[in-house]
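Visitor: In order, the protein sequences belong to chains F, E, S and R.
So in our numbering, spot 199 of the first sequence is number 199, and the numbers just go up one at a time.
So in our numbering, spot 112 of the second sequence is number 112, and the numbers just go up one at a time.
So in our numbering, spot 212 of the third sequence is number 212, and the numbers just go up one at a time.
So in our numbering, spot 209 of the fourth sequence is number 209, and the numbers just go up one at a time.
One or more of the hints may lead you astray.
To be verified - Distance condition first, Cα-Cα at most 30 Å in a straight line; then the derived DSSO-like pairs of lysine-lysine:
1. Lys244/E to Lys302/E
2. Lys288/E to Lys36/R
3. Lys183/S to Lys36/S
4. Lys26/S to Lys49/S
5. Lys183/R to Lys49/R
6. Lys36/S to Lys288/F
Unchecked claim - The calculated label-pair distances, taken between Cβ atoms and stated as ranges, are:
7. Asp309/F to Gly52/S: 56 to 64 Å
8. Arg279/E to Ser272/F: 34 to 42 Å
9. Glu222/S to Glu367/F: 20 to 28 Å
10. Glu347/E to Glu222/R: 55 to 63 Å
11. Gly52/S to Asp24/R: 56 to 64 Å
12. Ser272/F to Pro192/S: 31 to 39 Å
13. Arg60/F to Arg19/S: 31 to 39 Å
14. Glu347/E to Lys49/S: 52 to 60 Å
15. Pro204/S to Leu338/F: 49 to 57 Å
Just so you know, the hints here were simulated from the structure itself, not pulled from any lab data.
If you're wondering where the values come from, they're calculated on a predicted model, not measured in any experiment.
A virtual CB, placed ideally from N, CA and C, is assigned to each residue, including glycine.
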Amino acid sequence: MPDTRPSEGPVELVQLLTPEGERVHHPDYELDLSDAEYRALFRDLALTRRVDLEATALQRQGELGLWAGCLGQEAAQVGSGRAMTPDDFAFPTYREHGVALTRGVDPLSLLGLFRGVSNGGWDPFERNFALYTIVIGNQCLHAVGYAMGVQMEAARAGEAEHSSAVVAYFGDGASSQGDVNESFIWASVFNAPVVFFCQNNQWAISEPLEKQTRIPLYRRAHGFGFHGVRVDGNDVLAVLAVTKRHLQQAREGAGPTLIEAFTYRMGAHTTSDDPTRYRLAADLEAWKLKDPIERMRSFLWKNQLADQDFFDSLDEESEALAVRLREGCRALPDPDPLEIFDHVYAEPHALVAEERAAYASYLASFEAEPGVPA
Amino acid sequence: MPDTRPSEGPVELVQLLTPEGERVHHPDYELDLSDAEYRALFRDLALTRRVDLEATALQRQGELGLWAGCLGQEAAQVGSGRAMTPDDFAFPTYREHGVALTRGVDPLSLLGLFRGVSNGGWDPFERNFALYTIVIGNQCLHAVGYAMGVQMEAARAGEAEHSSAVVAYFGDGASSQGDVNESFIWASVFNAPVVFFCQNNQWAISEPLEKQTRIPLYRRAHGFGFHGVRVDGNDVLAVLAVTKRHLQQAREGAGPTLIEAFTYRMGAHTTSDDPTRYRLAADLEAWKLKDPIERMRSFLWKNQLADQDFFDSLDEESEALAVRLREGCRALPDPDPLEIFDHVYAEPHALVAEERAAYASYLASFEAEPGVPA
Amino acid sequence: MKTAETLTMAKALNLALRRCLEADDKTLIMGEDVGKLGGVFRVTDALQKDFGEHRVIDTPLAESAILGTAIGLAMRGFRPIVEIQFDGFVYPAYDQIVSQLAKMHARSRGQVPLPIVVRIPYGGGIGAVEHHSESPEAYFAHTAGLRVVTPSHPVDAYWMLRQAVACNDPVIFFEPKRRYWDKAEVDESLEPTTPLFAGRVARPGTDLTIACYGPMVRTCLEAAAAAEAEGRNLEVLDLRSLSPLDVDLVCASVERTGRLVVVHEAPVWLGVGAEIAARVQERCFYSLQAPVLRVGGFHAPYPPSRIEEHYLPDLDRILDAVDRATEH
Amino acid sequence: MKTAETLTMAKALNLALRRCLEADDKTLIMGEDVGKLGGVFRVTDALQKDFGEHRVIDTPLAESAILGTAIGLAMRGFRPIVEIQFDGFVYPAYDQIVSQLAKMHARSRGQVPLPIVVRIPYGGGIGAVEHHSESPEAYFAHTAGLRVVTPSHPVDAYWMLRQAVACNDPVIFFEPKRRYWDKAEVDESLEPTTPLFAGRVARPGTDLTIACYGPMVRTCLEAAAAAEAEGRNLEVLDLRSLSPLDVDLVCASVERTGRLVVVHEAPVWLGVGAEIAARVQERCFYSLQAPVLRVGGFHAPYPPSRIEEHYLPDLDRILDAVDRATEH
Ligand SMILES: Cc1ncc(C[n+]2csc(CCOP(=O)(O)OP(=O)(O)O)c2C)c(N)n1
Ligand SMILES: Cc1ncc(C[n+]2csc(CCOP(=O)(O)OP(=O)(O)O)c2C)c(N)n1
Ligand SMILES: [Mg+2]
Ligand SMILES: [Mg+2]
């Protein structure tokens, strides 16, 4: 049987840290960090994992309705998140808890939507971190539009460089959506300052990668006329270096890049999911050996970049964060029912006003009659 | 300014006939036709052009509401159409009049939708030629689904080869639609026996190619893991050879190919359009030198594959076809108004039945009162 | 052979799908996670294992393509049953649904039937996150060329799905997800008594008619039971089909009771209840003793789940409307 | 400075866009063929020439992306005015419209307003091919978070578009394409007397109320003139806004006339008229002397243009309904 697949040579994977924690080098992606910076990255990874574990526990305890965990994807998230400047803007899916953390979004505010007290939870403009997007792929177009705006401002000001760039997060499954592919086209045609960051965790709920593509995903970009690169998504250093470089290029006016962070979803899709129905335990075991946090821990240890005190105090900090999350989560108030009506529109709308008034007086009628619950 | 564009070497264009009518050869695409076959291709081209001219005239005369011409694209259409076997299935846009002709669809039946007496006009299963699709890109997914069906039948029958393959037609503008890109993904993942045939006529109404892509369109396929090739769309021999080969590969189980037929829309987008608002007359003049029909005519002449008799009798045949179209078009009856209700559903539907009955009696009320028109 | 079994609605649907796959090898199941996982609600559980990957197809993550390829497959003679994972994820496919699925039969003057069933779990009440609790049925019922049905209990779920698969028109099959775990005895040996596109009297009554469908049928029956305790005898109609809608059934009931309340989870504004009210006021102008009232969702996005019970019609809101209609 | 000019609706819209671009450099125009060509109806004529390619943007051919990037641009502080080329081509963008454009403000509790205007030429009557004559307004009016308006004549077209661009909510702006060539004097110096989301009495009358909007206003006014010749004095309401809809205006009129006919091109079934009928029968139960009647499109895909006049409400069909409502 002939095959129409184009041959493009071997798949390259950018790595700066081996699974064993050895620092290696790559001709295109250099990274020169101070000891403190290495430790800071580890701290981000550890805190992200702690947030994720705590939220998972809170779901089990019934405090959250659902949780979409990021276990195993911490390096992809922290590396890309830390590559951004405060002026850059991130458009996440629903799983970018590590990115949120690096942006300075309070992890507690991430819980609101999973608890069911909010459909958002934070001000996107405070930390340049958009709200979580649940409809697969939608946010990639928002990211490109935002980047076009950045670009227009520069063009109007007569500046060749952009003040900032944008990161569009999406998953391997999302790569099949029309919106995501349209976002590639627009970014390419307008040469928009955006980095497409695909966390290829190899699963879209129960569907393995091969249901979405038959070639490595980073190569998708080549068909749209821009560069794609695959990075070891469990290597925080490589992710940081690669994302930094391509964000910088975007700011310089070189247009979009697709980064495929090759990683693995070590947990269930969400707390509602049961991965034993569709994947082998052995796969998970193999990936545990590539754990992004253990790798960085080895690196710090081997190179004496951190001592026991550092790890101990980080454990304490993590624990304190977990306690704050636990308590904060339980204390998150249910919204006032009348909030249903409050932000449907920015300006008054007769129908909403009418329905609000009617429901308010309906609710009030129960208060008048004590003992009859709403 | 750095540039993130991947370099992929020079753009290749498959050509078997130069604009001057010289027969040239290509290592991957051979074509060996008899004199009669060469003449038959010329006949298809000439008849297609005649149909197109006649329809354009009919629109000017008020017999058609609109016409979307294919002037300049005859070779792309005839070459790809003649590459198909009767069992293959074509999914056209709204402009594939030349393909229709090669499939054996009566050109008269193409006029119905442009006259406004039908939204379709022929039985898609009679000649394996789907109805024209106006919503840009929709048909590419239908084509892939149909191809998946062909493939499933083979798989169930335990056959490695498919009984047929499918051609999905679309334009350069359409390449930006989510549906078209999703169709690439599905064809690739399922390895469906489909040839994507893009007539890059360099315009989407008033928008030039660079509004849709910054690299040649045939390369789009590489990002999805299958082969793309650019063919001279004004060279009927090259189009025939290239399409034939990739259809055959598809039938053999090698999956999809993207063929970009590089051509030029020599006329307006439709009879409603005014291209002088957005493009230079000089461009058109340049493309006239590459006219697909003149090129084939020179080839036939130079190589004495056809004589004056052939051309004369073809002129007569064309003229007769034009007369038939003209007369047939004028005779196309308006549908019965009650047909509005007749095929909304395949099975009875109470609401439609009720509305039909009410409207029928409303209409009848005018008949009862002569002189009062509906 | 055992023909009667107590099944949840999810299992009844699963059994119906199994029977369809057995009965006609042109039927296919397509969707996200419908294969090994058996769907996020397990409605397609074990079907891929038993019928193979060529009959039960895990698709790439693209709803427009799911519908678009299903249309192509139908043109090749297959009968696809596609699953949209949740109500809020049908919109990427809306173009294919409205412009192709709904119109192809008319466009081709009957030459291209598209016997495709689009299963959509819909509605709220399960404490889910955004986009997982919507009731978009009006968008489809307004669209000529589509049929829209929704069962309210396991027996109907079983039969209506089988009937929908047998239908030669596209059918949007809305499954009330919060009733997936409701149980009933399903007897496959009994032929269904109601045609797919007819409604039924779920509870006969004399004082007032409640028209409802899908997830709200159980709620309305509970409301009727509560009203009975107060001496009110309510008739509850389970509409079952929204396109076509059994207007005759509703009008016949209203002519007896003189009063009508329509209940659905979807927003009241331009919801199915609007059409029912408009038809009934026209056809039963002199029988109506009170205006038709409607109880449903608000003109607001579905709220966070902790307050969803305020958005969803419940016994109190239904009975409040019943009171208002009665006292008018 | 000359402030009054006789303009077609298309030119009035063009002038409004020009004023918006002049007034606020955050406004942008985006769409297919809106640049050099000036749009297939020339509504954006000469704007790219005068304001540049950074203000008037020819986009790739992808409606979902037009909406999706407009949302991103709005998040960066721009105010995009997007054009969808024809009614039937809005559906690829439906997901972005329903799930993002409509919901972002509520999701973010007001932190992310999306001041985006989506211009859509709609309706039939111009002899066009399939997908070019649809009236999909109910799909949008049913959706909370969107505002939906439609002018009926050049003066409203001018002012309503300017008001829509000033609004901080997403506005779906339906332009009655067959009225693009209607002319009227537009005086820019006169402030608009009607707020964007209010209806207006297009013709006062006493015997029966006709509620209509967009392309049907002219038709209904003609019907009213014809009825006058027969001694009937009809009131015609131009609703102008469909979300919110000026129900008070309709009810006040019905309370005076006792009779209501709603007219739109869109299918009657679950069309905007259904909601109006439902509201009016509820609020004016005792004032109505006849059922609310509706005249509109059928439950069928828009037919081939040679028979479109059968699908579209015309004087005869409107007057037939007026007769039926009057004689009831
Ligand atoms: C349009 C749409 N369709 C379906 C879903 C249901 N869904 C939620 S997550 C998911 C899989 C996403 O996979 P991927 O993009 O790889 O991201 P991951 O969850 O692995 O991070 C699906 C199908 C959805 N949210 N949106
Ligand atoms: C979804 C959709 N959007 C917009 C249009 C309006 N429209 C009709 S043809 C066309 C341009 C198509 O360009 P291309 O794909 O290059 O095909 P060509 O007309 O050049 O053959 C546009 C925008 C449409 N038909 N469908
Ligand atoms: Mg994934
Ligand atoms: Mg083109």
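Visitor: Tell me, in ascending order, the numbers of any earlier hints that this structure violates.
Guide: Of the numbered hints, 8, 10, 14 and 15 do not hold.
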